[in-house]
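J.: Residue-level listing of the chains:
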Amino acid sequence: MPTDNDKNIQEIRKKIALNKLRDHLFWIIGLLSTLIGFVLLFTLIIDLFIDGFPRLGWQFFTSYPSRFPEKAGILSAWVGTILVMIVTAATAVPLGIAAGIYLEEYGKKNWLTHLIEINMNNLAGVPSIVYGLLALGLFVYFLKFGESILTGGLTLGLLILPMVVIATRESIRAIPNSIREASYALGATKWQTIKDHVLPYSFGGILTGVIIGLSRAIGETAPIITVGALTFIAFLPSSLITSEFPFLSFKWLMDPFTVMPIQMFNWISRPQTAFHINAAAAGIVLLLMTLFMNGFAIYLRYRFRKRIKW
Amino acid sequence: MSAIPSSPLKAEVKKLNFYYNLVQALNDVNLPIAEKRITALIGPSGCGKTTYLRCFNRMHDLYPGNRYEGEIILYPDQLNIISPKVDPIEVRMRISMVFQKPNPFPKTVFENVAYGLRVRGEARRNLLEEKVEKALKQAALWEEVKDRIHDLAFNLSGGQQQRLCIARALATNPEILLFDEPTSALDPTATSKIEELIMQLKKEVTIIIVTHNMQQAARVSDYTAFMYLGEIIEFDKTDKVFTHPSIRLTEEYITGRFG
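Protein sequence lines correspond, in order, to chains A and B.
Residue numbers for the first sequence follow our numbering, so the first one is 1 and each next one is one higher.
Residue numbers for the second sequence follow our numbering, so the first one is 1 and each next one is one higher.
Take these hints with a grain of salt, some might be off.
In silico EDC-like pairs for lysine to aspartate or glutamate, Cα to Cα no more than 16 Å straight-line [stated by the list, open to error]: (1) A:Lys190 / B:Glu90; (2) A:Lys195 / A:Glu105; (3) A:Lys190 / A:Glu104; (4) B:Lys193 / B:Glu144; (5) A:Lys190 / B:Glu181; (6) A:Lys108 / B:Asp61; (7) B:Lys202 / B:Asp187; (8) B:Lys193 / B:Glu175; (9) B:Lys203 / B:Asp187; (10) B:Lys237 / B:Glu35; (11) B:Lys203 / B:Glu175; (12) B:Lys203 / B:Asp61; (13) B:Lys101 / A:Glu147; (14) A:Lys190 / B:Asp61; (15) A:Lys306 / B:Glu90; (16) A:Lys195 / B:Glu111; (17) B:Lys101 / B:Asp180.
Just so you have them, the derived chain A footprint on chain B, three or more residues with Cβ under 8 Å [unchecked claim]: (18) 59-72; (19) 87-94; (20) 102-109; (21) 114-125; (22) 162-173.
Please keep in mind that the hints were generated in silico from the structure rather than gathered at the bench.
Backbone N, C-alpha and C fix where the C-beta goes; we use that ideal spot for every residue, glycine too.
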C-alpha cells in the first residue's frame, strides 16, 4: 500500500518532469532565434563573396572609377575612407575622452550634468542623416569648409562623439572607488589620480568604444552624401608628405573625396551587372576593414583587461 | 574624557562635529592621540568610528555635502587639519591610510610602493628603489616579494596585498598611520601577521586603528576609545577599558551583551 510519502515523491517527480520540458522548449526557441540571425547573415556574406571575390585583385585597388566596369577600381574610395577616418578619430577621440572624464570625475552631479547626460544618450540614437543636415549647415555653409575631407571627417566625428563619451564614462565607472581613494590617500591630486590610474585602467574599454564607433562611421553613407561627397572621383587628394619643409601638408583636408560606401552605392545603382560585381567586391573590402577593426578592439580589450582584476 | 596620555601628543581632537549633508554623524567628540602609540576606536557598526578615522586625512572632502566643525590639531606645528584653509592634499601627505579591503593598484609591487613618492615628484631611480625596499622591509614583506618586485601586485595573496598597502602608506614617512579595519577581509594567519606588524610599527609612527574586533583592540592598542551613536563614550588606557570600564555601556559592549 503506497504511503503519503510515496505519493508526494511521485508528485514532485511529475513537476520536475514538466519543468524540464519547459526548459527544453526554451532551449529550442533560443537556438532557433540564434540560428535565424546567424544563417541569414552568413548567407549574405557568402553571397557577397561568391559575387565579388573573383573581382578582387591588384587592379581593383589601384584604379580610379571608370565608365568601363572591368577597368574601374576603388583607389579614390579606400584612400578617401582612410583619410576621413583619420579626421574623425582625431576629433572624436580627444573630445569624447575629455568630455567623458569631465562628466564622470569633475562634473558635480546637478541638473545641468544630468541634462547633458540625457542628451548624450539620446544623441547616440539620432539618425545619421540628421547629423548630415547639421553638418551641411555648420561645416559647409557656415564655416565654409566646402565639400571636403575635413567636412566629412568632422561630420562622422560628431556622429560617433556620443559613443566615445559613453564608452569612456562606462569604463571609468567600472574602476572601483577604493582605487581612487587609495590614490587620493597618498596625496595625489585629481589630475594625478586620473592620469596615473583612471585613464590607464580604463584605456582598454575606451579604446574598444572608439574602435566600435569608428567601425560604425566607416560604413556610414547618408551623412556623407548630405555634405556632398562626390560619387565620381578620378584623382587622389594632395599628398600628406611633401618634399620641402615641414614635410607635412594639410592641403588634403580641403580636397573633395569619396568613400567606400558611396562608391558601392554608386555602382549598385547602375543598370549593368558588371558594376554590381564591383559593388560586391567593394562590399567585401569594407566588410574586412570593419572586421579587422573589431578584431583589433577585441584584442586590445583582452590585452588591457588581462592585467586588471578587481 | 578621563585619561590624558602621559606621553606627548601627536594630535588632539577638540569638539569635532561631522555632518553628511544634514545628518550628524559625529557629535562633539574629543580625543588625544599619543605620539608613537596605538589608539584604537571600537564600537558597534554604524557608531561612526570609520567616519571619525576618515576625518584625519580629510577623505570626506572627496564627496560633496560633507561638513566638519571643530578642530583636529596636529602637533608639533599646531595645524588644524580640518580647517577649510588647510589643503586636504597636504594633510594626506602627512597622514597615510590603510583601508579595510586591500586595494593595491593594478601595477607592479614596486610601482605600488613608489606611487606616494612619485606623487611628490620623486623620479630618481636609485632613491625610489632604496625607499621601496625600506618600506617593504618595514611592512615585513620584503623577504616574500624581493624576487618578484616587478610582478603585478594582484598576484600576491590577500594578506600580502594588505601588507603591500601598508608599505605603500609607509614609503612616504607619514606622521600618523590610519588603519580602517585592516584585517576584516583576511584569514586568521594573515590577521596575526598584520597585528604583529602594527605593534612593530608604533616604534616609528603614531597609529590610529578602527576595529570591530575587540580582541584585536585589546591585543594591539595602548589606548582605546569606545564609540556609540557618534559619540565617544569612554576613552582610557586599553587595559583599563577592557578590565575596569568606568561606564556601563562600555562594559556591556566589551562583554558582548550588545553590538
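J.: Could you check the structure against the hints above and give me the numbers of any it violates, in ascending order?
T.: 5, 7, 8, 9, 12, 13 and 15
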